[in-house]
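2 protein chains.
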Amino acid sequence: MLSYAIGVDLGGTNLRIAAVDEGGRMLEKLSTSTDLAGGRDLVIKEMTQAIHKLLDKFRGRGVSRGVGIGVPGIIDMDTGMLRESPNLPGWSEFPVHAEIERRLGIPVVLENDANAAALGEQWLGASKNHESMCMLTLGTGVGGGIVLNGKIWHGMNGMAGELGHFNVEPEGHPCNCGSRGCVEQYASATAVVRMAREAIASKLSENLARAAESAEFDARHVHELAKQGDAAAQKIFRCVGRALGIVLADMVNGFNLPIYVIGGGVASAWDAFAPTMMEEVRKRSFVYAATMPGRLQAALPPKSTQITMAQLGSEAGLYGAACLPLQRAGVK
Amino acid sequence: MLSYAIGVDLGGTNLRIAAVDEGGRMLEKLSTSTDLAGGRDLVIKEMTQAIHKLLDKFRGRGVSRGVGIGVPGIIDMDTGMLRESPNLPGWSEFPVHAEIERRLGIPVVLENDANAAALGEQWLGASKNHESMCMLTLGTGVGGGIVLNGKIWHGMNGMAGELGHFNVEPEGHPCNCGSRGCVEQYASATAVVRMAREAIASKLSENLARAAESAEFDARHVHELAKQGDAAAQKIFRCVGRALGIVLADMVNGFNLPIYVIGGGVASAWDAFAPTMMEEVRKRSFVYAATMPGRLQAALPPKSTQITMAQLGSEAGLYGAACLPLQRAGVK
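One line per chain: the protein sequences are A and B, in this order.
Counting from 1, one number per residue, gives the positions in the first sequence under my numbering.
Counting from 1, one number per residue, gives the positions in the second sequence under my numbering.
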C-alpha cells in the first residue's frame with residue numbers, strides 16, 4: 001500500500017508542491033510562480049488548492065501521511081508565527097501555521113526552508129549515510145540547517161540553524177541582522193555581487209565592469225570570469241571560501257559532525273571557493289585534522305570528516321518538507 | 001536502597017574522587033594532588049586505590065552503578081585513546097580507557113573534563129531546569145561542553161564540545177591548536193595574563209606592572225585591579241567579554257539553546273566582563289533578541305535565552321563524572 005506525504009516549498013519566487021512516498025520517490029510535482037503581489041490570502045489559496053489537487057489524485061491509491069511546508073523565514077514553533085521573513089514581505093508576525101491548517105482542513109507541519117533542505121539532503125542526498133549533519137545554503141542569504149540523529153535540531157523555539165549569522169569578521173561588513181561580519185556577508189550570492197561591485201569601483205577588473213553592465217549581472221557571471229582566469233573574480237571566491245572555512249571549522253570543533261553539506265546557487269562555484277575553504281578548515285580545526293586518515297598509524301582508521309556539495313539542488317527542500325509528516329507519522 | 005556512582009576528576013594538579021547518589025547528594029569525597037612526576041602508572045594506581053577504597057566503604061550499604069572519570073584532553077570514544085592532553089604530559093596516544101578498566105577490574109565511563117563539568121551543571125547546577133545547554137569553562141584554556149536533551153553531545157567520535165576553539169578574530173593571536181584568534185586566546189586565565197603583560201610592555205598600567213612582579217601573578221590580580229578602577233585591567237576584561245559574546249552569539253544563532261553557562265576560574269570576574277559580553281550578544285544575535293521578553297506584545301511571552309554563571313565551582317566535573325554511569329545504568 002502506497003504511503004506518501006505532500007511536501008511544499010513556498011519560496012519568494014516559486015511555489016512547488018510534490019507528493020513523495022515513504023521510500024523517497026517523487027510521485028508528482030506541481031510548480032507555479034508565487035504571486036506575492038496578490039497578497040497573502042491569494043498565495044495561501046493557490047497553495048491549498050494545489051495541495052488538495054494532489055491529495056485528490058492519490059486518494060484511493062494510498063495513505064496520505066500529511067503535509068509539510070518549507071517557508072523562508074524564522075518560525076516560532078511554539079506559536080506557529082512567522083517571525084521574520086524578508087522574502088515574503090507582509091508575512092511577518094503572521095500566524096501562518098493556524099491560517100494554513102484552517103484553510104486546508106488537515107494538520108500541517110511547518111518548517112524553515114533551509115532546515116527542510118538540510119533534512120532533504122540528510123534523507124536522500126549528500127548525507128544519506130549519516131544521521132547527523134549540517135547544511136549551509138548559499139543563496140540570496142546564507143541559510144543553515146542542522147540535523148542531529150535524523151531530526152532537525154530546532155532549539156528551544158524553532159529558531160536554531162541560523163548558521164548564516166556565524167561571525168567570520170568581527171568588524172566586517174554590516175549585516176541585515178544587526179551584527180557585522182556574518183558569513184552571509186561573504187558567501188551569499190548577494191555578497192558575491194557586492195564584492196564584485198567593490199572590485200569594479202576599485203578598478204580591479206575590466207572584465208567584471210563589462211559584465212556588470214548587464215541588468216542580469218549576478219554571482220554566476222562572477223564565477224564564469226573566475227573560471228576564465230580573472231584575478232579579481234578569483235579573489236572574490238577566495239573570500240567566499242575563507243568565510244565558509246571559518247564557520248565550518250567552528251562547527252567541526254564544536255560539534256564533530258560526520259558531514260557538512262554546501263548547497264544553494266553559489267555552491268555551483270565549488271571549484272572556485274573550495275580550495276581556500278578546505279585550507280581554512282585544515283588550519284583552523286584540530287578536530288578536523290584529528291579525524292583525517294593518515295594522521296594516526298592506528299589499526300582502526302578514525303572516521304573522517306566530510307565536507308561536500310549538496311546533491312538534490314532545489315528539490316532538497318521539497319523532499320525535506322515531505323519528510324516531516326512521514327517522520328511525525330513514524331513511517332520514516 | 002542507596003544507589004550511587006563514583007565520579008573522578010583527574011586534573012593536571014588535583015585528583016578528586018567522590019561517591020554521589022542518584023539524587024545528586026555527595027556521599028563522600030577524597031582529594032589528593034596528582035603526582036604527575038611519578039608517571040602515568042603511579043597516577044592510575046593511586047586513582048584505582050582511592051576508587052576501591054570508596055567502593056569498599058559503601059559495599060553492603062547500596063548498589064554501585066559504576067565509575068565515571070573526567071580527563072583533561074580529547075578522547076577518541078571509538079578507541080578509548082587519549083588523543084591530546086596538554087595537562088597530562090606523556091598521556092597522549094595512550095589507551096587510557098582500557099588501562100583503567102584493566103587495573104580497576106570494572107567498567108568505566110571516560111569523558112572529557114569540560115564535557116563532564118557541563119553535564120554536572122546541567123544535572124545539579126545553573127542549568128538544572130533545562131535539558132539542553134552549553135558551558136564554557138574559562139581556565140588555563142577554554143573548555144566547552146554541550147548537553148542536548150540531557151546527554152553530552154559527543155559528535156562522531158567524542159571530540160565535540162571544543163567551543164574554546166571557536167574563532168573570534170580570524171587573524172588574531174596564534175593558538176596552540178594551530179589556528180589564530182580562538183576564543184581561548186582572549187578569555188582564558190592564560191590569555192588574561194598575556195594581555196596584562198602586553199599592557200605592561202606598552203607601559204599602560206603601573207599597577208599591573210607592580211602586581212606582575214609577584215611570582216604568583218595571575219588572572220585574579222588583574223581582576224582585582226579592574227575592580228579598583230585600573231583602566232588597562234578593565235580593558236582586558238572587556239576583551240574577555242567581547243570574545244565570549246561573539247562565541248555565544250554564534251551558539252545562540254546556530255543552536256537556540258535555552259541556557260549558556262560560564263564557569264572556571266575567570267568566571268569569577270563576571271562583573272568585569274559580563275556587561276561587554278551581553279552587549280555583544282545583543283548586537284550580534286538576532287535569535288537572542290527574538291527570544292527576549294518585551295520585543296513582542298504577544299499573549300504568549302517567548303521563552304528567553306539565559307546566559308549565566310556556573311554554580312557548582314570545581315565540583316561540577318565531579319558530579320558530571322558520577323552522572324555518566326548513572327545515566328548508563330538508566331537510573332538518572
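Careful, some of the hints might be misleading.
One copy or two, it doesn't matter: identical chains are merged, so the pair holds either way.
[Said to hold, decoys possible] As a list, the in silico DSS-like pairs of lysine-lysine whose alpha-carbon atoms are at most 27 Å apart: (1) K151 / K203; (2) K332 / K203; (3) K235 / K57; (4) K151 / K29; (5) K45 / K283; (6) K203 / K235; (7) K227 / K303; (8) K235 / K303; (9) K227 / K203; (10) K151 / K303; (11) K151 / K283; (12) K332 / K57; (13) K203 / K45; (14) K128 / K235; (15) K332 / K235; (16) K128 / K203; (17) K332 / K151; (18) K283 / K332; (19) K29 / K128.
In short, the hints are calculated from the structure, not lab data.
Tested hints:
Taking the closest pair of Cα atoms, K151 and K203 never come within 27 Å of each other, the shortest separation being 48 Å inside a single copy and 55 Å across copies. Taking the closest pair of Cα atoms, K332 and K203 never come within 27 Å of each other, the shortest separation being 54 Å inside a single copy and 65 Å across copies. For the identical chains of this complex, K235 and K57 are neighbours neither inside a copy (51 Å) nor across copies (68 Å), given an alpha-carbon limit of 27 Å. For the homomeric pair K151 and K29, the shortest alpha-carbon distance inside one copy (25 Å) is at most 27 Å, but the shortest distance between copies (40 Å) is not.
When the C-alpha separation of K45 and K283 is checked against a cutoff of 27 Å, the pair qualifies neither within a copy, at 51 Å, nor between copies, at 38 Å. When the C-alpha separation of K203 and K235 is checked against a cutoff of 27 Å, the pair qualifies only within one copy, where the shortest distance is 14 Å, while the shortest distance between copies is 40 Å. Proximity of K227 and K303 under a CA criterion of 27 Å is satisfied in neither setting, with 34 Å inside one chain copy and 48 Å between copies. Taking the shortest alpha-carbon separations for K235 and K303, neither the intra-copy value of 33 Å nor the inter-copy value of 43 Å comes in at or below 27 Å.
Proximity of K227 and K203 under a CA criterion of 27 Å is satisfied intra-copy only: 20 Å inside one chain copy versus 51 Å between copies. Within a single copy, K151 and K303 get their C-alpha atoms as close as 22 Å, and across copies as close as 22 Å, so both meet the 27 Å cut-off. Proximity of K151 to K283 under the C-alpha cut-off of 27 Å is found in neither arrangement, the shortest distances being 31 Å within a copy and 30 Å between copies. Taking the shortest alpha-carbon separations for K332 and K57, only the intra-copy value of 23 Å comes in at or below 27 Å, while the best inter-copy value is 50 Å.
In this assembly of identical chains, K203 and K45 lie within 27 Å of each other by CA distance neither inside one copy nor across copies; the values are 49 Å within and 70 Å between. Taking the shortest Cα distances, K128 and K235 never come within 27 Å of each other, neither inside one copy (33 Å) nor across copies (49 Å). Taking the shortest alpha-carbon separations for K332 and K235, neither the intra-copy value of 44 Å nor the inter-copy value of 54 Å comes in at or below 27 Å. Within a single copy, K128 and K203 get their C-alpha atoms no closer than 45 Å, and across copies no closer than 58 Å, so neither meets the 27 Å cut-off.
Taking identical chains as interchangeable, the C-alpha atoms of K332 and K151 lie at most 27 Å apart whether they share a chain (11 Å) or sit on different chains (24 Å). For a Cα distance limit of 27 Å, the shortest separation of K283 from K332 qualifies neither inside one copy, at 38 Å, nor across copies, at 40 Å. For a Cα distance limit of 27 Å, the shortest separation of K29 from K128 inside one copy, 22 Å, qualifies, whereas the shortest one across copies, 47 Å, does not.
In summary, the numbered hints that this structure violates are 1, 2, 3, 5, 7, 8, 11, 13, 14, 15, 16, 18.
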